[in-house]
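6 protein chains.
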Amino acid sequence: MANKIITFGELMLRLAPENYLRFLQANKFQATFGGAEANVAVSLSCYGEDACFVSKLPNHEIGQLAVNSLRQMGVDTTKIVRGGDRVGVYYCEKGASQRPSKVIYDRAYSTIAMAQKSDFDWDSIFEGAKWFHFTGITPALSDSVAEITLEACKKAKEKGITISCDLNFRKKLWDRKKAEQVMTELCKYVDYCIANEEDAKDVFGIEADDTDVYSGKLNKEGYISVAKKLTDKFNFKGVAITLRESKSANDNDWSAMLYTDGEAYFSKKYSIHIVDRVGGGDSFGAGLIYSLLNGFDNQKAIEFAVAASCLKHSIEGDYNYVSVSEVLNLAGGDASGRVQR
Amino acid sequence: MANKIITFGELMLRLAPENYLRFLQANKFQATFGGAEANVAVSLSCYGEDACFVSKLPNHEIGQLAVNSLRQMGVDTTKIVRGGDRVGVYYCEKGASQRPSKVIYDRAYSTIAMAQKSDFDWDSIFEGAKWFHFTGITPALSDSVAEITLEACKKAKEKGITISCDLNFRKKLWDRKKAEQVMTELCKYVDYCIANEEDAKDVFGIEADDTDVYSGKLNKEGYISVAKKLTDKFNFKGVAITLRESKSANDNDWSAMLYTDGEAYFSKKYSIHIVDRVGGGDSFGAGLIYSLLNGFDNQKAIEFAVAASCLKHSIEGDYNYVSVSEVLNLAGGDASGRVQR
Amino acid sequence: MANKIITFGELMLRLAPENYLRFLQANKFQATFGGAEANVAVSLSCYGEDACFVSKLPNHEIGQLAVNSLRQMGVDTTKIVRGGDRVGVYYCEKGASQRPSKVIYDRAYSTIAMAQKSDFDWDSIFEGAKWFHFTGITPALSDSVAEITLEACKKAKEKGITISCDLNFRKKLWDRKKAEQVMTELCKYVDYCIANEEDAKDVFGIEADDTDVYSGKLNKEGYISVAKKLTDKFNFKGVAITLRESKSANDNDWSAMLYTDGEAYFSKKYSIHIVDRVGGGDSFGAGLIYSLLNGFDNQKAIEFAVAASCLKHSIEGDYNYVSVSEVLNLAGGDASGRVQR
Amino acid sequence: MANKIITFGELMLRLAPENYLRFLQANKFQATFGGAEANVAVSLSCYGEDACFVSKLPNHEIGQLAVNSLRQMGVDTTKIVRGGDRVGVYYCEKGASQRPSKVIYDRAYSTIAMAQKSDFDWDSIFEGAKWFHFTGITPALSDSVAEITLEACKKAKEKGITISCDLNFRKKLWDRKKAEQVMTELCKYVDYCIANEEDAKDVFGIEADDTDVYSGKLNKEGYISVAKKLTDKFNFKGVAITLRESKSANDNDWSAMLYTDGEAYFSKKYSIHIVDRVGGGDSFGAGLIYSLLNGFDNQKAIEFAVAASCLKHSIEGDYNYVSVSEVLNLAGGDASGRVQR
Amino acid sequence: MANKIITFGELMLRLAPENYLRFLQANKFQATFGGAEANVAVSLSCYGEDACFVSKLPNHEIGQLAVNSLRQMGVDTTKIVRGGDRVGVYYCEKGASQRPSKVIYDRAYSTIAMAQKSDFDWDSIFEGAKWFHFTGITPALSDSVAEITLEACKKAKEKGITISCDLNFRKKLWDRKKAEQVMTELCKYVDYCIANEEDAKDVFGIEADDTDVYSGKLNKEGYISVAKKLTDKFNFKGVAITLRESKSANDNDWSAMLYTDGEAYFSKKYSIHIVDRVGGGDSFGAGLIYSLLNGFDNQKAIEFAVAASCLKHSIEGDYNYVSVSEVLNLAGGDASGRVQR
Amino acid sequence: MANKIITFGELMLRLAPENYLRFLQANKFQATFGGAEANVAVSLSCYGEDACFVSKLPNHEIGQLAVNSLRQMGVDTTKIVRGGDRVGVYYCEKGASQRPSKVIYDRAYSTIAMAQKSDFDWDSIFEGAKWFHFTGITPALSDSVAEITLEACKKAKEKGITISCDLNFRKKLWDRKKAEQVMTELCKYVDYCIANEEDAKDVFGIEADDTDVYSGKLNKEGYISVAKKLTDKFNFKGVAITLRESKSANDNDWSAMLYTDGEAYFSKKYSIHIVDRVGGGDSFGAGLIYSLLNGFDNQKAIEFAVAASCLKHSIEGDYNYVSVSEVLNLAGGDASGRVQR
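Protein chains in written order, with my numbering: chain A, 28 to 368; chain B, 28 to 368; chain C, 28 to 368; chain D, 28 to 368; chain E, 28 to 368; chain F, 28 to 368.
A portion of the hints provided could be inaccurate.
Same chains, same names: a pair is fine if it fits in one copy or spans any two.
[Unchecked claim] List time: in silico EDC-like cross-link candidates among lysine to aspartate or glutamate, alpha-carbon distance up to 20 Å:
{"id": "1", "residue 1": "Lys296", "residue 2": "Asp278"}
{"id": "2", "residue 1": "Lys274", "residue 2": "Glu353"}
{"id": "3", "residue 1": "Lys129", "residue 2": "Asp303"}
{"id": "4", "residue 1": "Lys144", "residue 2": "Asp324"}
{"id": "5", "residue 1": "Lys129", "residue 2": "Glu353"}
{"id": "6", "residue 1": "Lys198", "residue 2": "Glu212"}
{"id": "7", "residue 1": "Lys264", "residue 2": "Asp218"}
{"id": "8", "residue 1": "Lys295", "residue 2": "Asp324"}
{"id": "9", "residue 1": "Lys247", "residue 2": "Asp288"}
{"id": "10", "residue 1": "Lys31", "residue 2": "Asp103"}
{"id": "11", "residue 1": "Lys129", "residue 2": "Asp361"}
{"id": "12", "residue 1": "Lys144", "residue 2": "Glu178"}
{"id": "13", "residue 1": "Lys255", "residue 2": "Glu212"}
These aren't lab readings, by the way, just hints derived from the structure by calculation.
Turn these sequences into a full structure, and let the hints steer you where they fit.
In structure tokens, the structure reads:
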């Protein structure tokens with residue numbers, strides 16, 4: 028029996044030059060769609076859950092194309108409000124070797140950023156839902172969207188729906204002060220917090236000692252201390268922190284920790300040869316939500332979430348086109364990449 | 028010796044599905060650039076003139092890509108102000124047979140629409156220039172751009188620079204009332220007015236009798252009367268009206284009239300099998316400006332402009348990649364399309 | 028309020044060389060999906076109806092890709108049975124000028140062709156449905172599918188659901204004798220019959236006098252007589268016959284007739300410059316079903332169906348990506364193909 | 028039983044922008060191969076004949092790619108001498124509507140142009156052959172190739188092999204005077220001469236009265252007189268003249284005449300919507316050779332050759348990928364372009 | 028002087044999404060051809076041998092396209108029987124990092140699987156041949172193909188032709204019991220056996236001790252023992268075993284052993300960054316056959332075969348487009364990948 | 028204030044199969060442009076300098092496309108002489124793993140190779156210039172180009188312009204003896220010499236002891252001794268030597284040394300995962316020229332040049348599309364490749 032999960036945020040048109048071409052070499056763009064919360068919904072739908080994405084998109088064909096990208100993957104799009112003019116856009120150039128990937132956002136004035144409280148009827152949206160997920164990007168879109176997010180959190184809490192939030196700090200959307208103020212209010216309603224070390228520091232000033240995120244090294248104690256501080260502050264049921272060690276634009280190590288009930292569970296670490304790392308964090312969030320909804324124990328939950336996001340790095344685009352059995356196979360130990368026939 | 032021509036307006040990223048795919052079928056977009064006044068500049072540069080395009084574009088790579096699309100064709104881009112965030116976008120779906128082409132604009136809040144008077148130093152821009160061209164789209168972008176356009180017109184007039192304007196009414200940018208008010212003020216400075224019958228009616232309420240633009244028929248007297256009324260109102264040196272008879276999305280008849288000194292000069296009419304008709308009017312404008320700058324007689328001028336724009340319909344994208352000799356060859360009568368080797 | 032329509036048949040992978048390349052020149056194939064009844068479902072979903080496609084498809088990724096192609100367009104795929112091994116394939120080479128298009132079927136042994144009665148629970152499928160549509164291709168797939176179709180017809184009739192059938196004779200799937208025998212049984216349950224002149228002759232030996240389908244000419248009396256004979260034989264509520272005059276692979280004239288209550292309603296005739304004519308008949312069927320479900324009068328119904336299928340000819344692939352307003356616009360007389368912006 | 032036919036000439040790499048893009052818009056080129064005599068060999072191989080193409084190509088991979096393009100189609104490439112440095116290149120831009128196609132040759136200094144007599148052992152090459160074909164392009168490549176061609180003609184004549192020559196005048200390769208001198212010598216050995224009206228005039232100064240090749244009109248008497256004059260001059264067994272009426276880059280009328288034994292046989296005329304007209308004449312030559320080798324009567328021969336070349340116009344690239352049955356089907360009257368399934 | 032080699036098996040259409048796209052993201056497929064024995068034939072033809080591939084393929088264009096893919100590379104296709112309906116298909120998704128490649132077969136009911144003994148005249152096929160090669164896939168296609176293979180082996184043995192067989196166990200084609208029974212009978216005729224450790228175990232239950240194929244480790248003694256057991260059982264002249272250590276979908280170590288006359292020859296081991304590993308084993312087989320036919324000593328033979336297959340991993344598609352000199356260059360020690368100009 | 032730099036050489040059309048396809052698999056070519064000195068000009072223009080490329084290119088569209096590729100990047104093309112017939116071509120196949128990249132040149136008889144002294148007016152070209160750069164490829168094109176290069180060097184020296192030369196030995200263009208003779212004469216005028224170890228040996232017979240360029244190892248002392256010998260011979264102000272350690276076609280280590288005033292400055296070493304290594308040396312040269320023109324100290328200069336060329340290896344095509352800030356960022360230590368948003 029599928030669980031109903033609601034995610035809320037922006038779905039953008041992603042325009043990417045082919046292969047490793049730089050923007051300055053582009054004369055065509057791969058056109059896909061993505062956005063942190065939509066990515067989570069697609070993943071959960073691929074796992075067989077009943078994922079419903081809530082947003083606002085224009086009535087015209089580009090808006091419809093965005094909706095169709097979700098419908099195709101089985102996401103419930105009936106709660107997407109239609110209207111307004113702009114589909115947000117982001118341009119994405121893939122890095123290689125020492126050259127980093129580059130993202131140029133063109134999402135200001137999008138129809139969701141300009142949405143109003145009256146656009147969403149949360150009572151109806153949450154009917155039958157078990158989980159509500161959003162990220163720090165959503166309230167950063169605009170003051171009115173921040174308010175809508177707060178309203179959604181309150182309504183979800185009323186209804187006993189579990190709430191998860193990926194901090195996902197984006198410095199181009201808001202400054203740290205604004206982020207801290209808004210996220211502090213929202214996190215009061217959150218059960219599970221997802222973050223990377225930078226997020227915790229950027230949003231709440233919480234730091235892991237002795238870790239330099241740019242150095243590509245990590246220490247476990249530091250992460251535990253961050254999770255503990257977050258838990259202490261917001262009384263989270265769980266805090267999950269992803270641990271990326273970036274060796275080059277092509278090669279990253281990837282692992283994560285789940286901290287819950289005072290215990291820390293560290294996953295295996297994967298050395299990944301990257302196809303596309305955008306959406307890596309979102310696929311982790313989706314894996315975690317799936318694990319928790321399906322009663323996996325803590326170690327299995329973090330292994331599932333990390334294996335899921337490890338696989339995401341091998342897939343083009345924002346969406347994580349993997350099945351539960353593929354994730355379980357990797358989490359279970361087969362990372363040899365042998366041909367399946 | 029090349030003539031220096033200044034054009035002023037917006038350059039947008041044009042995103043078009045491949046071939047005849049509809050938006051709803053697109054998973055990649057051809058990425059080119061276009062905009063009425065930039066298109067004119069490219070044409071003139073292809074004819075060997077010294078065309079300089081004035082606008083504002085962001086400093087980031089997408090802005091640079093726009094600039095490079097003009098540099099590639101030899102347009103002087105040194106007067107393009109750099110700054111702001113958004114490159115305007117338009118989505119363009121190619122029609123076929125009874126299915127019309129469709130354009131979705133996403134140009135609001137572009138950096139040029141939000142430009143200020145202080146961004147442009149017209150004294151410097153007009154140095155050495157002989158001609159200034161803009162279209163009705165430019166002042167429609169925003170009030171401040173309308174003001175900038177007016178300032179440019181005044182400055183050009185002071186310096187004895189010839190001014191041409193293509194009325195180019197866009198109902199999604201402004202309403203008729205606003206258009207009439209702004210364009211009436213600007214047209215006082217204009218020497219040569221370019222229009223189609225719809226424009227004259229939409230902007231100034233001036234109509235040709237007995238012509239239904241949707242019927243695909245035309246009457247010469249009607250066009251002459253429109254040109255005469257426009258001339259009477261604004262004391263134009265010349266009025267050029269393009270005459271499109273749309274038989275289907277693939278097939279159009281195309282001709283034009285130049286009205287000057289009380290005489291009307293009608294061009295040949297071409298039956299065109301369309302590759303891409305966007306930019307057809309702009310290529311006409313460029314052909315006309317070239318003709319007038321190079322002292323063609325009136326009949327040759329209108330034939331050149333129409334042949335140039337006839338060729339544009341056979342070319343993908345907004346820009347008209349044709350040379351003077353190619354236009355002269357067609358205007359001179361060789362429309363057989365025989366292979367040149 | 029959307030109407031629920033059930034269609035039943037095969038969905039195939041369509042492999043087509045790019046543009047006008049011949050099979051012998053292909054090194055990649057456009058991969059889309061199509062099948063007569065699925066095409067109808069997609070059209071109806073694009074019109075806002077609640078279209079549900081019933082079939083059987085394998086559980087593997089190619090089967091899922093087929094399902095997703097429908098989900099993307101909003102078709103209800105929850106009644107598609109999953110299992111078996113093969114997705115049927117058809118190779119499609121686009122003709123041009125005097126060179127005809129070519130289709131090579133590789134659909135034998137597909138999982139739907141090998142489906143069993145027990146795969147489908149028609150009581151559940153028809154719940155809430157108003158209309159059931161199939162074509163002559165479905166029962167031609169195999170004896171067991173013919174039986175399933177008969178069962179579906181009986182069940183639909185019991186429940187008072189309107190049934191339409193497009194005769195769609197395919198000589199490579201069965202011979203005329205077998206077709207006549209099976210279709211005669213099925214047509215007893217059918218309310219609306221859709222055909223072209225060839226179909227009526229091929230399946231039932233019913234001919235229009237004085238018409239040579241290869242000559243590209245037609246006579247109205249002949250078509251009326253075919254419709255009348257069909258109606259007399261099966262007591263149809265209505266018979267719709269499409270009238271294609273093939274001038275070349277690029278250019279066809281297209282019109283149709285609806286015969287009902289003893290009256291014949293002929294549509295306008297469109298001269299079409301073809302982008303892709305596969306699915307033309309299916310888009311007609313969908314247009315007709317939509318018209319009849321929404322209470323259009325007979326003349327408007329046939330005009331809507333023909334305009335819808337006229338537009339299909341301008342669209343790549345099997346599916347007809349058009350909206351009700353686009354069809355109404357064309358049916359209402361605007362065939363000029365002028366750019367919409 | 029297949030007939031062995033030898034053709035001799037240059038095979039070039041053809042670099043063409045995609046679709047209707049102009050050279051100035053190209054950032055990739057379709058890479059195929061073509062050349063008048065190779066095109067004839069491919070056609071004949073597609074008809075089941077044993078076609079052997081003789082030339083010289085470099086040993087490196089680009090040379091091999093050229094060889095493979097012929098092997099793929101079953102052409103015997105064992106007589107192609109390998110060595111030298113350059114594969115000749117031609118750049119090909121497809122015209123549309125009033126814009127003509129454009130060909131830029133880069134074939135000077137190719138390895139075949141620099142070939143020596145000693146490269147070819149005609150005794151061995153002609154073993155078992157029934158027909159030898161070349162065009163006026165081959166001797167125009169260089170003086171030494173002209174000599175080689177003459178040697179081949181003499182040897183073929185000795186062996187009783189039928190010789191055909193397509194005049195194919197290329198003004199960029201040689202001037203008229205040189206052409207006349209060389210071709211006059213070669214034509215003494217030729218049995219069947221293929222030409223268009225321009226060729227006869229350009230090479231031998233033989234003109235049809237009252238026909239302006241640029242006007243797109245033709246008169247039958249004129250063509251007969253040209254054929255008669257050619258026959259009188261060289262004692263040809265037959266002269267075939269293709270008749271192209273170019274209405275635009277997209278639309279041509281196409282027909283031909285075979286003059287033999289004092290009688291003229293005119294084919295049907297086809298109105299063609301062009302996909303690619305390069306190689307049109309070569310496909311005609313191949314059709315004619317096939318017809319004559321297989322004992323078709325004169326009217327059937329010219330109908331076959333014209334239908335074959337009509338179909339070529341619907342196919343991308345130089346090669347004519349059609350079968351005997353496809354040609355016979357069109358020659359037999361089915362030009363409706365109806366889908367074949 | 029080229030050696031004539033006969034290979035017998037199935038040639039399939041390979042449909043692969045572009046780059047690293049998953050099946051669920053595909054809207055076009057790269058269309059190439061491949062099959063174990065055809066791949067061997069192509070390799071041998073690239074080495075200058077006279078390779079002849081025997082199979083059955085339909086007469087239609089998709090069958091012809093398959094034939095042409097071999098002709099292009101110089102393979103003798105004159106012994107391919109034409110008839111039947113289906114070209115077998117396999118869908119191939121390329122893996123990356125921890126995500127394995129995936130193959131979905133759609134080869135049941137292909138025309139070769141349904142071929143009959145009477146389709147092949149082995150006396151004629153083997154005329155002048157020195158070597159016959161097949162793999163365990165061929166007899167697994169169907170009982171009748173197993174019989175045909177047996178007949179071919181008997182006939183080859185009679186004629187003194189050397190026979191090689193790659194065990195190539197495919198669990199989706201048959202079960203182990205059936206495989207053991209059929210292969211045991213066939214291997215009686217085989218001179219050289221090619222396998223990987225899994226094959227020997229899967230088909231004959233022969234295992235190397237202490238080696239876990241999924242662990243990516245290997246021990247030399249184990250492989251020798253497998254080879255010895257195989258030799259003892261079937262009296263092979265030689266047994267070659269490929270040794271793949273799969274570290275990820277991108278990175279594999281690759282080496283092999285040749286066991287003959289009681290001695291084991293181990294090759295160098297290559298660390299490969301994979302472009303496409305399908306066909307890796309086939310390219311090894313071809314390299315080995317070439318080595319043995321050309322009298323290489325045992326160490327050189329295994330080095331050549333491994334270097335050849337190492338290069339295959341850097342090439343897209345099933346076919347190994349490399350020359351003898353390229354293989355020798357790598358086998359000789361230059362693995363630096365420096366640009367050759 | 029931008030510095031004016033003149034570079035002189037050939038600009039070729041680069042034809043490359045897509046991705047990792049071999050030449051033998053190609054049916055389209057990526058068409059870009061490149062050439063050692065043009066690549067340097069593009070890099071310098073991307074750094075904001077006023078780079079002017081001098082060459083000769085045909086007047087036709089392929090010549091114009093070459094010019095446009097430079098204009099697009101802001102290079103001054105007004106000194107390119109137009110005329111002649113051929114644009115030089117080079118075919119480029121990308122290697123992978125143990126398979127090396129392959130380049131096939133087709134540049135003989137290009138219009139620049141056939142240029143005459145009278146084509147270039149060096150007085151005018153050098154007006155306002157600060158730097159002149161050429162490579163050993165330029166004088167190798169032909170004797171007349173060698174003379175032109177010498178004339179340019181003399182004129183530059185007269186005007187006090189700094190001269191740099193990259194030895195760039197190409198064995199297919201000339202032999203060592205000829206190279207030594209010509210380069211010895213030219214190097215008398217050169218201030219900064221750029222080379223790799225092979226160049227010094229190939230051109231002047233100067234060797235570093237104990238280094239095998241094919242082994243992928245290097246010793247610092249050896250490089251210093253080469254630089255010292257070069258300096259001693261020609262009295263260079265500086266010698267820069269790039270140090271490539273080729274591990275495979277995908278992975279290289281890359282570093283360099285600048286030797287000046289008797290001191291050697293070694294850069295960091297980068298382990299590069301290669302996208303395209305063609306143009307790597309040119310991007311190094313451009314980085315060095317920029318550093319020296321902008322007064323960087325010696326260590327910073329070599330670090331900048333190496334970081335610039337490290338980034339080039341991550342970019343498709345010959346041109347190095349990077350900005351000063353991107354190079355400084357990498358040279359400053361951030362090689363983690365983390366996404367920039």
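Which earlier hints turn out false for this structure, listed by number in ascending order? Of the numbered hints given earlier, the structure breaks just one, which is hint 4.
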